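Participant: Modelling step: build the complete structure from the supplied sequences, incorporating the hints.
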Amino acid sequence: MKLEKGSISERALIFSVFCFMQGTMLRSAFIVAVTKNDSWAMAFTGLLGSLLLTAIYAALLRRFQEKNLFEINELVFGPVLGKVFSVLYLFFFLSLAALNTHDIGDFVVGYMMQETPLAAIILLFVLICVYAVRKGISNIVRLSTVLCLIAMAAVVINTVLMLNSMQPGFLKPFFQLPFGKYVQGTVTVAALPMGEVLTFTMITPMLGKNKKAGKMMAYGLILAAVFLGIVLLRDILVLGPMAGVLRLPSYESVRYVNLAGILTRMESLYGVVLISLYVFKVSILLYACVLGLAQLLNFKSYQPLTLICGAFVFFYSLVVYKSVMEHADWGATVAAIFSLTFELLLPSASLVAVSIKKAIRLRET
Amino acid sequence: MKKNALKAPASKSKKEFRGVPKPVRRAAAALLCTLMILSLCSCWSRRELNTLAIVLATAVDEGKESGELKVTAQIVSPGEIKSGPSSSGSKASQKAYANIDNTDESVISALGGFTHITNRSMYFSHNRVLIFSREVAQKDILEGLDAFTRNFETRMNVYLLISKDKAADILNEEIELEQMPANHIAEMVEAQRSNSETAIVTLLDFDIASLSGSTAPVAPMIEMYEVNGKKKSRLEGTAVFKQGKMIGELNVPQTRGLMWATGKAKKATITIDTKDGKIDLLIIHAKGSMKPDKAEDGTFRMKLKVYAEGNIESNETGKDMSSVENAEMLKKQAEDYIRADIESALKHAKTLSADVFGFGEAIHRDYPKDWEKIKESWDSKFRGLMTEMEIDVKIASSGGLGKPVVQGGAE
Amino acid sequence: MKLLMCLAGLAAIAAVDFPKIIKQKQRRELTIYMAIFLLVLALAVFVSLDTNIPSPVKMIQSFYRDVLHLSFKTS
Chain E
1 MKLEKGSISE RALIFSVFCF MQGTMLRSAF IVAVTKNDSW AMAFTGLLGS
51 LLLTAIYAAL LRRFQEKNLF EINELVFGPV LGKVFSVLYL FFFLSLAALN
101 THDIGDFVVG YMMQETPLAA IILLFVLICV YAVRKGISNI VRLSTVLCLI
151 AMAAVVINTV LMLNSMQPGF LKPFFQLPFG KYVQGTVTVA ALPMGEVLTF
201 TMITPMLGKN KKAGKMMAYG LILAAVFLGI VLLRDILVLG PMAGVLRLPS
251 YESVRYVNLA GILTRMESLY GVVLISLYVF KVSILLYACV LGLAQLLNFK
301 SYQPLTLICG AFVFFYSLVV YKSVMEHADW GATVAAIFSL TFELLLPSAS
351 LVAVSIKKAI RLRET
Chain U
366 MKKNALKAPA SKSKKEFRGV PKPVRRAAAA LLCTLMILSL CSCWSRRELN
416 TLAIVLATAV DEGKESGELK VTAQIVSPGE IKSGPSSSGS KASQKAYANI
466 DNTDESVISA LGGFTHITNR SMYFSHNRVL IFSREVAQKD ILEGLDAFTR
516 NFETRMNVYL LISKDKAADI LNEEIELEQM PANHIAEMVE AQRSNSETAI
566 VTLLDFDIAS LSGSTAPVAP MIEMYEVNGK KKSRLEGTAV FKQGKMIGEL
616 NVPQTRGLMW ATGKAKKATI TIDTKDGKID LLIIHAKGSM KPDKAEDGTF
666 RMKLKVYAEG NIESNETGKD MSSVENAEML KKQAEDYIRA DIESALKHAK
716 TLSADVFGFG EAIHRDYPKD WEKIKESWDS KFRGLMTEME IDVKIASSGG
766 LGKPVVQGGA E
Chain F
777 MKLLMCLAGL AAIAAVDFPK IIKQKQRREL TIYMAIFLLV LALAVFVSLD
827 TNIPSPVKMI QSFYRDVLHL SFKTS
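Chains as they are written, first to last, in this note's numbering: chain E, 1 to 365; chain U, 366 to 776; chain F, 777 to 851.
It should be emphasised that the hints constitute simulated quantities derived from the structure, not laboratory data.
Owing to the predicted nature of the structure, the values given are computational and were not obtained by experimental measurement.
Check the hints yourself; a few may be wrong.
Unchecked claim - Here are the simulated DSS-like cross-link-like pairs (lysine-lysine), alpha carbons at most 25 Å apart as the crow flies:
1. U:K435 to U:K596
2. U:K597 to U:K531
3. E:K135 to U:K387
4. E:K36 to U:K435
5. E:K172 to U:K629
6. E:K172 to U:K734
7. E:K181 to U:K738
8. E:K300 to F:K796
9. E:K36 to U:K607
10. E:K83 to E:K357
11. U:K738 to E:K172
12. U:K531 to E:K36
13. U:K740 to E:K181
14. E:K172 to U:K597
15. F:K801 to E:K300
16. E:K36 to U:K740
17. E:K135 to F:K801
Facilitator: Right, dumping it as structure tokens:
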């Protein structure tokens, strides 16, 4: 059933996926702390991993045209078990929304306005996202085209401005760390920024022609990986070994820009772009939550649930961490695996179940 | 339900919009605007300009008692800044800056203690220069630097300087061209690019060198001297650090050698002493590279390559330097000059056992597996490191004059 | 103080959403909405009173790390 009357174009899907991933420029500290000066390669190996995930999603979506994730669950596993799976996915999306909201609130409070209570910033943020969700998915996705251009321009401009502070020697020595670190880096990149493309499986029915959904997601991921690689490369070249030590390497490297004493303090530009990207990301996550909840409870429209879901995400995100150190600990240890269970394990289970069903049906006839 | 006094279609669609009557919409819009005004000016963490003390330069000295640090901050008083250089007639006017200091156990407690003294809160985002005195540098500079790296307001492109005497005195310099010593010092550091006799070190460079296990960080030294009763400052020499403590100095020719070897020298002036007089060469481009070279028995040699291109700037010999053999002779002498500088720097660095050039890092980058084996004993290996130098000076032109202007030169 | 603000916020949410649901006369949806609303109300009260709510994220982390032994080591 379609609870949403909007529709999105294919190009908008590509840009949406891109904007969704670019927000994770903020969390690049996890990857850089692990793989240090080879982090730029992780962007590409992570891309390969996430393309695998996208293939699974595309296979699922292809078999069930114009159905989103929750509907697929019910069709594959039957009403009861399917709802159980859907509840698990819903918990995942809610957690993601809360974690990301806390991230951006932490950034604003920690770096810019230290005395403001976190709740005030998060409240404003959640209000915007709730408003966006109420207006409908096609409006949110329409935002992504402009945002994508702005984000790309910001990355390119900052990189060009930093060219004279870069020292190519920082990239060496190549690939000297123990192999386990590269596995960890690849899995982290594949699961954390890129695997969250799972959220888009909730939205793909809006495309209309569902066949190409997987391809669009893949294009968006490739674009995002290229830019993530550029950002990581730039940070490593400018900051060298400090990139693994600083909490926000991209922010600090943008701060270093100093062109003839005139173009300085570009980090405000960076901050604005980052906050916009996070608004987009949390809006889409919130939309997925609300839509999913409405489908689970067989509501006729998701509108009444937006505010209450937003309130839940607001309180959840306040509770989620007590300090930045806990956040870093979570990101370095369990975050990728937690994401992977929902991005890899459950969809593969669905795919396997579908194949088994098909095999049984073929055998019967 | 709908009261349509005017049947015109425009007003009909405007009176009610999705079932919300017009006054309600107006009230909602007003509420939204109020909310935005309240939230966009972010009054919670507001910082008004007249409550900020904008710090332009910071100096850290030893306090009177041991274990204490005195932090001096140079704050700009915006009302006193005039657009031109202050003339001698305006001696009666106020200075455009104020130096305030505070002594406490650590850098951060000293900075925090400023709130007891001044009415404004310190704002470090415009801090351009960070000066540590030699005593503090000899004890431990990394403790003091940690506060500045971790803080969100300070930037990593702050210039780092070590003062030979008291750091606070540097901030009290009397200068005619600038209104504030901090700007003068910061721009002086930047202007060192044109003479390549001083290292230009930012906080980021220092931190990167400290993070490496083998490189010895360096920082330029600044000292005060008196001329005509006025105190001025001068950049001279480089301080060498190891494990966060200052262990030695490089004098000016050694610093020059360091700059040539690491490829940081861009513009320089070389004075060549020939038997007839002095000739000055102005080097316009310079490139330096170092590559480790592994011999068969596993020992390393460093290959240093310096390429410099310059013009004859002044010729005091009276001889014609634009002839080809003289140009060859000049080239050889310039190369020897550079070689002597680098060798003196190498020798001094070896006596200090401090790898200021970054040879260890170069080996680590190109031969990481071998580096793992030798990094423990790098100190002794550095002392015995062999270097090969390849120096190439190209004299591109002899300036505006071909033959020199001497008495009877036209005949 | 915080409690008052939370309650005011939730009351505002109720004021916006309830009329619509009541107008549409969907009994089932109304009950479900009430249930979710009460849940969020309870959460709001606990958060605003600064009680130490165990974060689900921490529970997930201990679950994965200790029970399943599936975590990366911190370097």
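Participant: Look at each hint and say if it fits the structure.
Facilitator: Right, here's what the structure says about each hint:
Of the pairs offered as hints, the one joining K435 of chain U and K596 of chain U holds, with about 21 Å between alpha carbons and a cut-off of 25 Å not exceeded. For the proposed pair K597 of chain U and K531 of chain U, the alpha carbon gap of about 13 Å is at most 25 Å, so the pair holds. Taking the CA atoms of K135 of chain E and K387 of chain U, the gap is near 21 Å; set against the 25 Å cutoff, the hint holds. The straight-line distance between the Cα atoms of K36 of chain E and K435 of chain U is roughly 37 Å, outside the 25 Å bound, and the hint therefore fails.
Only pairs whose Cα atoms come within 25 Å are accepted, and K172 of chain E paired with K629 of chain U is accepted, the gap being roughly 20 Å. For the given pair, K172 of chain E sits about 12 Å from K734 of chain U by alpha-carbon distance, which is consistent with the 25 Å threshold. Proposed proximity of K181 of chain E and K738 of chain U is supported: the alpha carbons are some 21 Å apart, at most 25 Å. The straight-line distance between the Cα atoms of K300 of chain E and K796 of chain F is roughly 13 Å, inside the 25 Å bound, and the hint therefore holds.
Restraint check: the Cα-Cα separation between K36 of chain E and K607 of chain U comes to about 24 Å, which is no more than 25 Å; the hinted pair holds. Note on K83 of chain E and K357 of chain E: the hinted pairing holds, with a Cα-Cα distance of about 18 Å set against a maximum of 25 Å. Between K738 of chain U and K172 of chain E the alpha-carbon distance is near 18 Å, which keeps this suggested pair within the 25 Å criterion. With a C-alpha separation of about 39 Å, the suggested pair K531 of chain U and K36 of chain E falls outside the 25 Å cut-off, and the hint is violated.
A distance of roughly 22 Å separates the Cα atoms of K740 of chain U and K181 of chain E; the hinted pair therefore holds under the 25 Å criterion. With a C-alpha separation of about 43 Å, the suggested pairing of K172 of chain E with K597 of chain U is violated against the 25 Å cut-off. Using a Cα cut-off of 25 Å, the hinted pair K801 of chain F and K300 of chain E holds, with the two alpha carbons roughly 12 Å apart. With a C-alpha separation of about 19 Å, the suggested pair K36 of chain E and K740 of chain U falls inside the 25 Å cut-off, and the hint holds.
Distance check on the hinted pair: K135 of chain E and K801 of chain F sit about 23 Å apart at the alpha-carbon level, within 25 Å; holds.
Figure legend: structure checked against the earlier numbered hints; hints not met, in rising order: 4, 12 and 14.
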